[in-house]
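Q: Dock chain B against chain A, hints included.
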Amino acid sequence: MDLSFFFQQLINALQLGSLYALIALGYSMVYGVLLLINFAHGDIFMVGAFLGVTGSMVLDLPFVPTLILAMILAGLLGVTIERVAYKPLRQASRLSVVITALGVGLLLENGMLALTGANPRRYPDDFVVTDSTPFGLSFGSVSVTNVKILVIALALVLFLGLYTIVQRTKWGMAMRAISYDKFAVPLMGVSQNQIISLTFLLGTGLAAAGGILWGVAFPVLNPYMGMRIGWKAFIAAVVGGIGDIRGAMVGGLLLGFIEIFVVAYGKDFGVSSTWRDPIAFGLLLIILVVRPTGLFGVARRQKV
Amino acid sequence: MSKRFTTLMLTLAVLTAAVAGSTFAQEDCDFAGEVYIGVIAPLTGDIPKVGQDTVEAAEMVVDEVNAECGLQIDDENYEVVILIEDNEAKAESSVAVATRLIVEEEVLAIIGPQASKQAVPTGQVANDRETPMISPWSTNPDTTFNRPWVFRAAFLDPFQGPVVAGFVQDEFGAETAAVLYDVASDYPKGLAENFRDAAIANGMDVVAFESFTTGDTDFSSQLTNIIAENPDVIFTPQYYNEVPLIVQQARELGYEGPIVGSDSWGTADLLELCGDACEGLFFSTHYAPDIATEVGQTFIQAYEERYGYKPSDVAALTYDAFNILFKAIEDANSLERADVRDALAQIELFEGVTGLMSFDEQGDPIKCAVIIQIKDGAFTYYDSACPAGFPPEDAG
Numbered sequence: 001m002d003l004s005f006f007f008q009q010l011i012n013a014l015q016l017g018s019l020y021a022l023i024a025l026g027y028s029m030v031y032g033v034l035l036l037i038n039f040a041h042g043d044i045f046m047v048g049a050f051l052g053v054t055g056s057m058v059l060d061l062p063f064v065p066t067l068i069l070a071m072i073l074a075g076l077l078g079v080t081i082e083r084v085a086y087k088p089l090r091q092a093s094r095l096s097v098v099i100t101a102l103g104v105g106l107l108l109e110n111g112m113l114a115l116t117g118a119n120p121r122r123y124p125d126d127f128v129v130t131d132s133t134p135f136g137l138s139f140g141s142v143s144v145t146n147v148k149i150l151v152i153a154l155a156l157v158l159f160l161g162l163y164t165i166v167q168r169t170k171w172g173m174a175m176r177a178i179s180y181d182k183f184a185v186p187l188m189g190v191s192q193n194q195i196i197s198l199t200f201l202l203g204t205g206l207a208a209a210g211g212i213l214w215g216v217a218f219p220v221l222n223p224y225m226g227m228r229i230g231w232k233a234f235i236a237a238v239v240g241g242i243g244d245i246r247g248a249m250v251g252g253l254l255l256g257f258i259e260i261f262v263v264a265y266g267k268d269f270g271v272s273s274t275w276r277d278p279i280a281f282g283l284l285l286i287i288l289v290v291r292p293t294g295l296f297g298v299a300r301r302q303k304v
Numbered sequence: 305m306s307k308r309f310t311t312l313m314l315t316l317a318v319l320t321a322a323v324a325g326s327t328f329a330q331e332d333c334d335f336a337g338e339v340y341i342g343v344i345a346p347l348t349g350d351i352p353k354v355g356q357d358t359v360e361a362a363e364m365v366v367d368e369v370n371a372e373c374g375l376q377i378d379d380e381n382y383e384v385v386i387l388i389e390d391n392e393a394k395a396e397s398s399v400a401v402a403t404r405l406i407v408e409e410e411v412l413a414i415i416g417p418q419a420s421k422q423a424v425p426t427g428q429v430a431n432d433r434e435t436p437m438i439s440p441w442s443t444n445p446d447t448t449f450n451r452p453w454v455f456r457a458a459f460l461d462p463f464q465g466p467v468v469a470g471f472v473q474d475e476f477g478a479e480t481a482a483v484l485y486d487v488a489s490d491y492p493k494g495l496a497e498n499f500r501d502a503a504i505a506n507g508m509d510v511v512a513f514e515s516f517t518t519g520d521t522d523f524s525s526q527l528t529n530i531i532a533e534n535p536d537v538i539f540t541p542q543y544y545n546e547v548p549l550i551v552q553q554a555r556e557l558g559y560e561g562p563i564v565g566s567d568s569w570g571t572a573d574l575l576e577l578c579g580d581a582c583e584g585l586f587f588s589t590h591y592a593p594d595i596a597t598e599v600g601q602t603f604i605q606a607y608e609e610r611y612g613y614k615p616s617d618v619a620a621l622t623y624d625a626f627n628i629l630f631k632a633i634e635d636a637n638s639l640e641r642a643d644v645r646d647a648l649a650q651i652e653l654f655e656g657v658t659g660l661m662s663f664d665e666q667g668d669p670i671k672c673a674v675i676i677q678i679k680d681g682a683f684t685y686y687d688s689a690c691p692a693g694f695p696p697e698d699a700g
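Heads up: the sequence lines are chains A and B, in that order.
For the first sequence, the working numbering begins at 1 and goes up steadily by one.
For the second sequence, the working numbering begins at 305 and goes up steadily by one.
Honestly, the hints are just simulated from the structure, not real lab data.
Everything numeric in this text was worked out from a predicted model, so none of it was measured.
Please note that a few of the clues may not be correct.
So these bits of chain B aren't anywhere near chain A, every CB distance computed over 10 angstroms [said to hold, decoys possible]:
| # | residue |
| --- | --- |
| 1 | Glu338 |
| 2 | Leu412 |
| 3 | Gly470 |
| 4 | Glu583 |
| 5 | Ala606 |
| 6 | Arg610 |
| 7 | Asn637 |
| 8 | Leu660 |
| 9 | Pro695 |
A partial selection of chain A residues facing chain B, derived with a Cβ cut-off under 8 angstroms [said to hold, decoys possible]:
| # | residue |
| --- | --- |
| 10 | Phe5 |
| 11 | Gln9 |
| 12 | Leu113 |
| 13 | Arg122 |
| 14 | Ser141 |
| 15 | Ser143 |
| 16 | Phe218 |
| 17 | Ile260 |
| 18 | Ser273 |
| 19 | Asp277 |
We put the CB at the ideal spot given by N, CA and C, even for glycine.
Extracted from the complex, chain A is given alone in its bound form (with noise of 0.2 angstroms):
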C-alpha cells in the first residue's frame, strides 16, 4: 500500500517534472547565449499547443506529425520572434530586451485571443490512446498510462537529443564558444547570427513539444495557460543554473518532484496541500541561498 502510493507519486512527479524541464530547457539556451531571459517563452509553448489543435483538429493528422509539424512552426516563430524583436536591440540594455520580451508574450497571448476566442480546446479523443494499462501490462495499483509513459520518455529522449546537438556537433560548439565569450566567437568566422537563430529554433521547438504534451496529460487548452506554466519552468531553469541545459532539466523535474511530494507526504506532518506552493517556492529559495547561480551554474565572472 504505502509502497504503490510511493510509486503513484514518483509517476506523477515524473510526467509534471518533464514537462516543465521541456519549457525550462529553450529559457536555459537563450539565456546561455545571448544572456537574455526570453519571458516570451511560456506562451510560444502556450502557441505551441494551439498548433497541435490546428494540426490534430483541422488538419486531422495523427500525434506524430502533429509534434513534427508544430515544433518547425514554433520553431519557425521564435527565428522570427527574435530577428523582428530582439536582434536591433542587441545593442541595447538587457532590461529593454527583457521588456520587448515581456511585450511579445502579451502579443501572442491576447492574438491567440482574438484568434481563437476564449473558450478552451482540447484534443481529439483518439489523438493518444489513454489507457490505464498502456501495452498491456498491469503495475498493480499503480496506474502508468501510456500519456504518462509518452510524457516522461519523449521529454527524455528530446533532452538526450539537444544535449547530443549541444556537446557532439560543430554547432553545438559554436552555441557553447558564443556563450563563453561572444566577442572573440565572430573572429573565428563563427556567424553569431545563425547561431541565435539555431538556438531560438531548438529552444521554441522543445517549448512546442513541450505544449502538445501537456496538452494531452492535461487537455484543456486556453490562451492564458502559458504565462503561469512559463514563470514556474523559468523558476525551474534558475534553480538548475540557467544558462545550462542540465541545469534546466534537472530544475524541472525538481520543481516537478517538489510540487508532488509536499502534497504528498506534507499531510503527515501535518501540512495539508493548501500549503503546497509556499513550501515548494521556500524550498527552491533555500537552493538558491546555498547556490546563488543554481544547480549546475557556474559565477560569470564581469569583466571591467
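A: Just chain B now, with coordinates in the frame of chain A:
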C-alpha cells in the same frame, strides 16, 4: 474613452431596439427616457462561456421588456439600456468596472458579477456606493451578508452543501467522502467547507480534504492522496474548465466511484470538454431545462430559438435577476437607487424561470435545488431538494 464606449453601447442598444422593434411592432412606444443597468460578466478569462451566457440572457430579457414598451414609471415608458463590462474573471477588474459603472455611467443598478470570487468584493463596492446590485449566480454567503444593497438570484452554499451531502448518502449510501477544491477561489472554498460540515453532521467521514490553486492543471498528487483513503464519493465544487481534468485524472489513477459536483458544473462547455468521462455523474444546481414550469418553458423555448441551444443555469438566473430588478423598479415607481433597493427588499414571492423564490432579510432567495445527471451527453433532471417548509402551501 468612457464617453465613446457609452456612445457605442447606446448606438448598439438603439440598433438592437430598432431591430427588435421591427419584429415586435412597437413603433407606438413613446419612451420618456432611458434606464441604465450595468452588467458585469467574465467575457474573457477562465470561464468565458459564463460571460457569454450572461450577455445572451441579458440582451434577450432587455429586448423583451423594450418590446413591451420598457418599464412603466409614473405612467411614462422608459427604455432599458444595458452597459456590459468584462471583468476578465478577476476580482480586481470586477471592482474597477463596478466603480466605473456606478460613478461615471451612473447606472441605476448592477446585474452581476457571476462567480463569487468577483461578486464578494464587488458587492462591497455596490454597498459602499449605495447602488442596488443583484448577482445572479454567486452562492457564497459573503456576497450579500450585511450588505443591504446587494441581492442575488441563486440559493446559498450553506443550503447547497447539505443538499449534496444528503444526496450522496441517499443515492450511493456513502459513508466516507473526499473533497478536492480550489483554495484560492471564494466559491469552491466556501462550498467545500459547507459540504464537509454537513457530511460530518450527517455522520459521514470526510477522509480527505485536498486543495489546489486557481490555474493548476495537475491534480495527480491530491487525487493519489484521496484514492489512498478509498472514499465512497469525491466531491469537487469546481468550474467547467477544471472538472474535466479532475475527472479524467481520477479515472486514470484508478478511482471508479462517483464524482459529484455543484452548480458551477452546469455550463454547456463541460459536456464538450469532458466527453465520455463525465457520463453518469451528478451535480446540484438551480434548475433543470427538462422539468421547468410554464414560465421556465417559455423562456427556454425563446432562448433556444434565438441562440440555438438550451440556456444554462447562468442564463436562467441572469434572466431572473433582470426580471426581479424590473419588478422592483416598477414597484418602486421611481428611478432613485434608494427606492429601488427598498422595493427589492420588499419582494415577497417571485416566480422566476428557476422556480419560486422568496427572500430573507439578507437579500438571499429561499428556493429549491435540483440534482442533475449527465446522461447521453446532456444535463438531465434527476431529483429535487427544497428547504424545510418551502414552497409555502398557498403559493399556487
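Q: For the hint on Ser273 (chain A), just tell me whether its beta-carbon gets within less than 8 angstroms of chain B.
A: 5 angstroms, holds
Q: Beyond 10 angstroms on every Cβ pair: is that true for Leu660 (chain B) relative to chain A?
A: Its Cβ never comes within 10 angstroms of chain A, the nearest being 34 angstroms, so this holds.
Q: Taking the minimum C-beta separation from Pro695 (chain B) to chain A, is that value above 10 angstroms?
A: Non-interface label stands for Pro695 (chain B): nearest chain A Cβ at 37 angstroms, farther than 10 angstroms.
Q: Any CB of chain B closer than 8 angstroms to the CB of Ser143 (chain A)?
A: 5 angstroms, holds
Q: Checking the smallest CB distance to chain A, is Gly470 (chain B) really beyond 10 angstroms?
A: 26 angstroms, holds
Q: Return the status of the interface hint for Gln9 (chain A): holds when the least beta-carbon distance to chain B is below 8 angstroms, violated otherwise.
A: 6 angstroms, holds
Q: Does Ser141 (chain A) pass the interface check with chain B, least Cβ-Cβ distance below 8 angstroms?
A: 6 angstroms, holds
Q: Could you let me know if the closest chain A CB is still more than 10 angstroms away from the CB of Glu583 (chain B)?
A: 13 angstroms, holds
Q: Checking a non-interface call: every C-beta of chain A should be farther than 10 angstroms from the C-beta of Asn637 (chain B). Is that right?
A: Check passes; 41 angstroms lies beyond 10 angstroms.
Q: Decide, holds or violated, for the assertion that all CB atoms of chain A are farther than 10 angstroms from the CB of Ala606 (chain B).
A: 24 angstroms, holds
Q: For Leu412 (chain B), which was marked as not at the interface, is the minimum beta-carbon distance to chain A over 10 angstroms?
A: 29 angstroms, holds
Q: Since Glu338 (chain B) was said not to touch the interface, does its Cβ keep a gap of more than 10 angstroms from each Cβ of chain A?
A: It holds; Glu338 (chain B) is separated from chain A by about 30 angstroms at its closest Cβ, greater than 10 angstroms.
Taken one by one, the earlier hints all hold for this structure without exception.
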